[in-house]
Structures are given as C-alpha cells and as structure tokens.
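Student: Chains as they are written, first to last, in this note's numbering: chain W, 1 to 535; chain Z, 1 to 328.
Please note that the accuracy of each hint is not assured.
Non-contacting residues of chain W with respect to chain Z, defined by C-beta distances greater than 12 angstroms in every case (computed) [to be verified]:
#	residue
1	Ser44
2	Leu87
3	Ala208
4	Arg213
5	Ala244
6	Ser410
7	Pro430
8	Leu476
9	Lys491
Keeping only pairs whose Cα atoms sit at most 30 angstroms apart, straight-line, the calculated BS3-like set for lysine-lysine is [said to hold, decoys possible]:
#	chain 1	residue 1	chain 2	residue 2
10	W	Lys386	W	Lys223
11	W	Lys107	Z	Lys178
12	W	Lys178	W	Lys207
13	W	Lys223	Z	Lys178
14	W	Lys78	W	Lys223
15	W	Lys34	Z	Lys178
16	W	Lys178	W	Lys296
17	W	Lys107	W	Lys296
18	W	Lys375	W	Lys353
Derived by calculation from the structure, the hints in this document are not laboratory data.
Virtual Cβ for every residue (Gly too), placed ideally from N, Cα, C.
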Amino acid sequence: MSELISRRGLLAGSALLLASTALPAIGRAQTPKKGGRLIVAADSEPRNLNPAIVASNGVFFISSKVVETLAEASFDGKDGLQPRLALSWEGAADGLSVTFKLRDGVKWHDGKPFSSADVAFSALQIWKPLQNLGRTVFKDLVAVDTPDELTAVFKFAKPTPFQLIRNALPALTSVVPKHVYENGKIEENPANNAPVGTGPFKFAEYKAGQYYRLARNDDYWGKEEPYLDEIIYQVLPDRTSAAAALEAEEIQLAAFSAVPLADLDRISKVPGLKVVTKGYEGLTYQLVVEINHRRKELADLKVRQAIAHAIDKDFVVKTIFLGYAATATGPVPKNDPQFYTAEVPTYAFDVAKANALLDEAGYKRADDGRRFALKLLPAPYFNETKQFGDYLRQALAAIGIDAQIVNNDSAAHIKAVYTDHAFDLAVGPPVFRGDPAISTTILVQSGIPDGVPFSNQGGYKNADLDALIAKASETLDTATRTGLYKEFQKKVAADLPLINVAEWSFISVARDTVGNIANNPRWAVSNWADTYLES
Amino acid sequence: MTRALILLRRRLVGSIFVLLIVVIGSFLLLEAAPGDAVDAYIVSTGGDAGMIELLRHRWGLDQSELTRLANYLWALLHLDLGQSVTFSRPIREIILERLPTTLILMGSATALSFGLGSALGIYAGARPGSFRDRLLSIGSLALYAVPGFWLGLVLIVVFAVDLRWLPIGGIETIASGKTGLARAADIATHLVLPVSALGFIYLALYLRMMRAGMAEAWRQDFVLAARARGLPRRRIVLAHVARNALLPLVTMLGLQSAQMLGGSVVIESVFAVPGLGRLAQEAVAGRDTLLLLGIILVSAVLVIGINLLVDLAYAFLDPRVGASEAGV
C-alpha cells in the first residue's frame with residue numbers, strides 16, 4: 001500500500017529479527033488456545049467509560065471489549081470495514097437515509113435481547129446530542145426508523161455523504177442498551193462507569209488507581225469467541241514502569257506506546273518480548289505547526305513558506321521519532337487508503353531559500369542576525385511534540401526567527417492556544433479519523449467559535465477553502481467527494497494555514513505468548529475477541 | 001495531664017484558622033492556574049462549542065469564583081467535601097479509599113528512616129570523628145542527594161526486574177482473592193520497595209542530627225561527671241549522650257511528616273501505589289479544584305495532628321515545654 005505502511009513493516013521486521021530466537025513464527029496459522037488472563041498496561045483512568053458518549057482512544061482501549069460498534073475497521077474488508085453489530089449497510093441515492101441490517105441472536109450482558117430499538121436510542125439520544133464526534137457527523141440525523149427488530153433506517157434532514165457515515169462506523173457508533181439508559185439522565189447513569197454492552201467481555205471490576213477487570217462473556221455471538229478468560233488493565237502511571245513490568249513478566253502487553261520510543265531498541269532484544277508496529281493504521285496522529293495568522297508576519301504566505309522550508313522533515317522522523325513515523329505532505333496522512341494524494345506543492349528542506357523568502361517578504365535581519373521574535377507553544381501531550389518544539393526553535397533560529405518556547409501543562413496549553421489565542425506558533429498532534437470531514441477540515445475552516453479545541457483558532461480565513469469544504473460536505477458521490485478532498489489537500493499545502501510535518505502512530509510491546517494481535521487497523525481499540533494466550 | 005489538655009485546646013483553636021487560610025489560599029492559587037477542569041478534560045476528547053458549554057454548566061464552572069468558594073466553604077461547614085469532576089464521585093469517598101495506603105506508606109517509611117537513622121546516628125555518634133562515623137556520614141549524605149524517583153527506578157531494576165524477588169509496583173497482587181494474613185503479607189511484600197525508596201532518602205537527616213547532637217553532648221559537664229563516676233561506656237552513650245540528643249529528632253519527626261507527603265507523590269507514581277500523592281497529581285493535571293482542596297485539607301489535618309502528637313510527646317519528655325505555653 002502506501003509508503004508509510006511498508007516502512008513500518010520493514011521496521012517491525014528488523015526489530016523482530018533482533019529479538020530472540022524463541023519467537024513463534026509470524027504469519028503461520030496457529031490454533032488459538034482457550035483460557036488465560038491477559039494483563040495489559042493502562043496509563044490513565046478515563047472518568048467516563050461510555051464509548052457512545054466519549055469517542056476517544058483512552059475510553060475505547062478498555063470499553064471496546066465491552067461495548068461494540070456497528071462495524072469495525074478491517075485490512076481487507078469492503079470499504080475497509082468488517083461487520084460487528086450490523087451485518088450490512090446501504091445508503092440511499094438521495095443521501096437522506098442509510099439502512100442497517102442488524103445481527104440476529106445478540107444478547108446484552110444482562111441477558112436482554114439486542115434490537116434495532118437500542119441502535120435508534122443510541123443514535124438519537126447519545127451520538128447526536130452528547131458524543132464529542134457524533135455531534136458533528138450526525139448533526140442532520142432526524143429519525144431512526146425501526147420497521148423490524150433487525151432493521152434500523154437512519155433519516156437525515158440534509159443529504160449526508162454515505163462515505164462519511166461509513167468511515168464513521170468504527171469510532172462513532174458504539175451501541176448501548178436502551179433499557180439501561182432510558183430512565184434518568186444519561187450523563188449520570190452508573191453504567192457510564194461500569195458499561196453494559198454486547199461485547200466479548202463483561203465489565204467485572206474497577207479498583208481506582210489499581211486495575212480494571214473484564215471477564216469472558218459466555219453468551220457472546222462470535223462462535224468459540226472470546227478465547228481469553230479475563231483481561232486486566234493494570235494502571236501504571238509512570239512510563240518507565242511499563243517496560244520494567246513487561247521484563248519482569250508482570251504484564252503481557254503494553255499498547256499505545258506505553259514503552260517510550262527510546263526504550264524500544266533495548267526492549268526488542270529482551271528474549272520473549274516482541275515490538276509490534278502494526279495495528280494502529282486507523283489511528284494516525286499528525287505532527288502539525290499551528291499558526292496564528294493574526295500576527296502580521298505570519299499572515300504573509302512567504303513567511304509561512306520560509307518556515308516550511310526551514311524544517312528538515314527527514315531529520316524529525318529519524319531523530320525525534322527514531323524512524324517510527326513518516327514525513328507528511330499535507331493534511332491527509334500518506335497511509336489513508338481513500339483520500340491521500342501526493343500531488344501537492346512540497347517544501348524541500350532549504351535554509352537558503354527560506355532566508356531568501358524572508359528577505360523578499362521584507363523582514364531583513366537586524367544587526368544581531370534576528371528578523372523577529374515569535375512565541376512557540378509545543379503541546380505537552382507527547383514527548384515527541386515537546387521535542388519537536390525544541391527542534392523547531394533551532395530550525396527557526398537558522399533563518400533568523402527567534403522562537404521563545406512557552407511550556408504549559410495540558411489544560412493550560414488548551415486554554416492558551418484554543419481559547420486565548422496567546423500563541424504565534426504552536427505544535428499540535430491532531431488525529432486523522434479516516435475521513436477529512438470528521439476532524440480534519442475543522443483545522444483550517446473559518447468561523448469556528450473560540451474555545452473549540454483542535455480546530456482553526458489561528459484566525460485563518462480563506463473563502464475558497466471554506467467553499468470547497470462546504471461543497472465536499474454535501475457531495476454524495478464517493479468519487480467526486482474524494483476528488484474534492486484531494487483538491488482540499490492541494491489548497492492547504494499551497495496556502496499553508498498550518499504546516500504538516502510528520503505522521504505517526506503507536507507501537508505495542510507484547511510477550512511472544514500473546515497471539516492474534518495487530519490484525520486490524522484499530523486493533524488496540526477493537527474488541528480482542530480473537531486474541532489468545534499460548535500457555 | 002491538665003497541662004496536656006490546655007495545650008490541646010489552644011492548638012485546636014489555632015488549627016481551625018490555619019485550615020481556613022490553607023483552604024482559601026489553595027482555592028485562589030488553583031483558580032489562578034490557567035485552564036479549568038473542562039480544558040483538561042477536552043484534551044483527550046475534543047468537542048464543539050456547544051458540548052464545552054454544556055460541560056462547564058454541568059460542572060458548575062460557569063459560576064463566579066466567589067460563588068464557588070462560598071459554596072465550598074458552606075458545604076465544608078457541614079463536613080461535605082463536595083463532588084469530584086474528574087471521578088464523578090463524592091470526594092470524601094475517594095480520599096478515604098486512598099488514605100490508608102498513604103498512611104501505611106508514610107508510617108512505615110517514617111519508622112524506617114527514624115528508627116534506622118537514629119540507631120546509625122548513635123553508632124556514629126558514640127565515637128565522633130572515627131572511621132565508622134565518617135563512612136556513615138558520607139554514605140547517608142549520598143543517599144540524601146539521590147532523587148527519589150531515580151532511587152525508586154534503580155530498586156525496581158535490581159530487585160524486581162533482575163532478581164525478581166519483589167513485585168515492581170502496585171499495592172497488592174491484582175485480583176488475587178487473598179484475605180486475612182495472606183493479604184497482609186502480600187501488601188507487605190509490595191511495600192518493601194516503595195518504603196525503602198522513601199525511607200532511605202530521609203534516613204540521612206535523622207542520622208546527621210543524632211550524630212551532631214551526640215557530638216555536642218559529649219562535651220557537656222554531666223557526661224564528664226558520668227565518666228568520672230566510672231559508669232560503663234555503653235551506659236553513658238545510651239542513657240546520657242543519646243538521650244539528650246533525642247529531643248531535636250522528635251521535633252524533626254513532626255516537620256518531616258509534611259515533607260514525606262510531598263515525597264510520596266513521586267514514589268507513588270513510580271511504584272503505581274494508589275495513594276493520596278498520586279491522586280493529588282491527577283487532581284492538578286485535571287484541574288479538579290475541589291478534589292485537590294480536599295486532599296490539601298486532609299493533609300493539613302494530618303500534619304497538624306502529627307505535630308500535636310509531637311508537642312505532647314515533647315511536653316512529656318521535657319517538662320519545661322508545656323509549662324510555659326500552658327501558662328501554668
């Protein structure tokens with residue numbers, strides 16, 4: 001497929017070669033064993049475990065084993081999907097309805113039967129009014145008809161692209177039981193902290209600060225599944241202790257890069273452990289320089305071009321991400337199978353050209369060699385975003401821009417950048433969620449109220465781009481819509497409302513005994529029904 | 001005994017003012033920190049303007065600072081610590097769940113550093129300036145200079161990863177179903193490393209203090225008198241020299257209890273111990289003002305309580321202390 005995948009594959013291969021000879025042959029079909037307890041590292045404890053309300057990776061990591069979605073992402077399924085609670089989905093030609101045929105014989109963990117009423121309730125009462133992402137994607141959903149127990153027909157007020165709904169299925173459509181949620185306030189329902197679902201595992205126990213325990217659902221619809229008896233999420237807040245716990249055989253899996261990149265080389269040589277870079281293709285993070293266009297220097301395209309030319313993307317990938325990333329060309333990551341185009345203006349690393357552009361723009365170097373000073377706010381959520389902040393400061397110094405780094409913790413950073421606009425440049429890690437309309441176009445679109453995180457808060461306004469985004473959002477034909485988003489990538493790369501630097505995802509480290517891992521593009525946040533432990 | 005009661009009453013009245021200042025001061029400081037609980041929450045979820053407004057309203061953050069402070073103080077008057085926004089649970093419940101862990105950790109670490117520190121101090125102070133004195137002084141200073149998290153990590157690598165004698169973290173074996181003595185033993189095994197990491201750092205303080213006090217006491221006349229009476233050296237060291245050097249250590253014990261709470265934040269994170277320190281860190285990161293206030297309040301009560309005990313012990317050990325303060 002794309003360059004990103006193959007490079008990751010290569011890296012995984014080399015890491016595995018370095019690992020012990022006791023490795024089981026990768027790719028050879030093995031008969032999964034039944035039983036066993038899988039212990040996994042968890043670095044945080046989400047306050048709300050209801051994935052229908054909070055569609056985020058931290059919640060999915062635990063809840064996706066308990067509460068299922070209509071469909072899951074797939075490496076080889078049609079449109080990159082495989083059925084879960086829905087067996088098929090069909091969009092009407094006018095874009096005003098989508099029909100789902102649901103799986104028969106599915107039971108909730110409390111024994112009651114699952115039906116189309118649950119899907120209708122989840123969609124209308126939770127996804128549309130309450131869910132962080134659903135509020136955008138399902139904003140035009142007006143009704144869900146349930147002609148029979150196993151059919152749900154979504155009705156939209158305005159034509160809604162079927163491609164968007166399809167791409168939203170894996171992350172946005174967690175179905176929760178109507179009978180548990182229909183009385184009282186949904187936000188205060190106790191099931192939000194002890195979810196009830198249809199998934200392969202039941203929520204069994206939570207000890208704050210210690211662990212979550214999920215137990216096998218004996219009535220699961222999947223034949224023979226799940227294989228594991230129990231999954232335990234052990235809370236390990238310190239990142240160094242996840243690696244130690246793996247080595248001491250106290251845990252068997254650390255997902256979401258719980259083991260820091262710098263430790264991977266060493267850990268890959270420990271006998272009995274494997275480093276896995278697959279299984280996150282659907283969860284790509286983008287390293288982005290956010291720009292405040294209210295600064296007159298930054299409102300000048302030449303200055304933005306100069307900054308783009310000053311960044312050595314290969315160096316960033318090699319040094320900061322230690323190779324576990326790919327360089328970016330625009331707002332859609334290279335590993336996206338539907339929308340990505342490489343035919344966009346690119347900015348080669350060229351300090352001389354960057355300097356010339358700044359001279360041309362009229363920002364001559366002063367006697368001390370500096371042109372102007374900027375406030376740079378690196379997001380604190382990842383080590384890599386902070387390290388890139390340090391790198392960017394140096395890269396800008398080379399072209400005479402004096403960037404002063406302001407370090408904040410997460411809450412303060414969110415407030416400073418997205419509410420107070422107290423930044424000139426910021427380093428952010430937006431997520432690409434399989435369709436540009438879910439959380440990507442919002443990064444450059446104008447007219448977004450202050451305080452909305454991970455959106456265009458840099459005061460950028462481009463009527464052309466806004467019109468293109470609006471047109472794509474109501475284009476029903478998949479090919480035309482895809483074409484519009486290719487055009488979108490070109491325009492963004494040309495006008496640089498923000499600068500895309502790199503794309504990366506997460507890495508898992510597991511004991512060799514853990515089988516069937518990384519077998520779909522959202523593996524860490526999928527249901528783990530077929531995951532097993534060799535004895 | 002009445003002397004102790006008068007002391008107790010005076011201290012309790014004073015403590016209430018201390019607590020009030022602590023609560024209001026902490027509240028204002030936390031409000032001054034940029035970003036609120038909703039900002040901290042949307043880091044992991046994102047969300048549109050409507051959702052953010054909804055959250056602020058639901059968590060009561062759309063009210064003014066003064067209203068919230070007044071509400072909090074009013075609730076405190078009824079011994080209600082309020083509701084945590086990050087955990088969506090009553091704060092009293094959360095703190096009570098974590099408090100025993102921190103108390104065991106702190107108590108054991110204090111016992112270790114005080115017990116071992118003063119014993120080694122006596123050993124060193126018995127012959128000030130000797131080789132063993134210098135060796136112990138240098139060794140303990142080196143330990144004191146080591147950052148707590150690093151000592152913790154080294155202990156993990158050596159005893160949990162390489163030797164596999166002890167578990168790497170947590171407070172007990174996960175979902176083991178153990179009860180009674182077996183569970184107590186399990187918890188004790190899990191505490192060995194964190195207690196050592198926390199205790200060894202503060203050991204130096206007691207050692208140095210004991211040793212210095214003894215070196216001082218050796219020059220006093222009563223020691224000379226004891227020697228002149230021909231008392232055995234062991235008796236002079238323990239009953240005369242060490243006993244006199246012990247008083248400042250008791251004061252130190254009170255002061256250290258606050259330090260220990262601070263140190264446990266780091267140690268609890270490194271060893272994944274579910275205690276108050278880690279909770280405090282989560283409360284700050286999540287801008288959970290009321291939860292943090294609850295933790296600060298409980299910690300302040302703890303520190304005040306311990307210092308009161310220390311004062312009582314002092315009054316018992318040294319008759320001069322209580323007499324003047326109690327005005328008798």
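Student: The structure should be examined with respect to each hint, and the outcome stated for every one.
Tutor: Hints, verified against the model:
Once the 12 angstroms rule is applied to beta carbons, Ser44 (chain W) is inconsistent with being away from chain Z; the minimum gap is 8 angstroms. At the 12 angstroms boundary, the C-beta of Leu87 (chain W) stays outside the reach of chain Z, the nearest C-beta of that chain being 30 angstroms off. At roughly 6 angstroms from the closest C-beta of chain Z, the C-beta of Ala208 (chain W) falls inside 12 angstroms, breaking its exclusion from the interface. Here Arg213 (chain W) does not stay apart from chain Z, with its beta-carbon only about 6 angstroms from theirs, under the 12 angstroms limit.
Once the 12 angstroms rule is applied to beta carbons, Ala244 (chain W) is inconsistent with being away from chain Z; the minimum gap is 5 angstroms. Distance check on Ser410 (chain W): its Cβ comes as close as 4 angstroms (rounded) to a Cβ of chain Z, failing to clear the 12 angstroms threshold; non-interface status is violated. The Cβ of Pro430 (chain W) sits about 9 angstroms from the closest Cβ of chain Z, inside the 12 angstroms cut-off, so the non-interface label is violated. At roughly 24 angstroms from the closest C-beta of chain Z, the C-beta of Leu476 (chain W) stays outside 12 angstroms, upholding its exclusion from the interface.
Interface exclusion of Lys491 (chain W) from chain Z stands, the closest Cβ pair being 24 angstroms apart, more than 12 angstroms. Distance restraint check for Lys386 (chain W) and Lys223 (chain W): the Cα-Cα separation of roughly 46 angstroms exceeds the 30 angstroms cut-off, and the hinted pair is therefore not satisfied. For a cut-off of 30 angstroms, the pair hint linking Lys107 (chain W) to Lys178 (chain Z) is broken: about 33 angstroms separates their Cα positions. Our distance criterion of 30 angstroms between C-alpha atoms is met by Lys178 (chain W) and Lys207 (chain W), whose separation comes to about 27 angstroms.
Note on Lys223 (chain W) and Lys178 (chain Z): the hinted pairing is violated, with a Cα-Cα distance of about 34 angstroms set against a maximum of 30 angstroms. Distance hint between Lys78 (chain W) and Lys223 (chain W) is fulfilled; the C-alpha atoms sit about 22 angstroms from each other, no more than 30 angstroms. Taking the CA atoms of Lys34 (chain W) and Lys178 (chain Z), the gap is near 25 angstroms; set against the 30 angstroms cutoff, the hint holds. Between Lys178 (chain W) and Lys296 (chain W) the CA atoms are separated by roughly 53 angstroms; this puts the pair beyond 30 angstroms, and the hint is violated.
The suggested pairing of Lys107 (chain W) with Lys296 (chain W) is violated, with an alpha-carbon distance near 60 angstroms, which exceeds 30 angstroms. Note on Lys375 (chain W) and Lys353 (chain W): the hinted pairing holds, with a Cα-Cα distance of about 23 angstroms set against a maximum of 30 angstroms.
Hint violations for this structure: numbers 1, 3, 4, 5, 6, 7, 10, 11, 13, 16, 17, all remaining hints satisfied.
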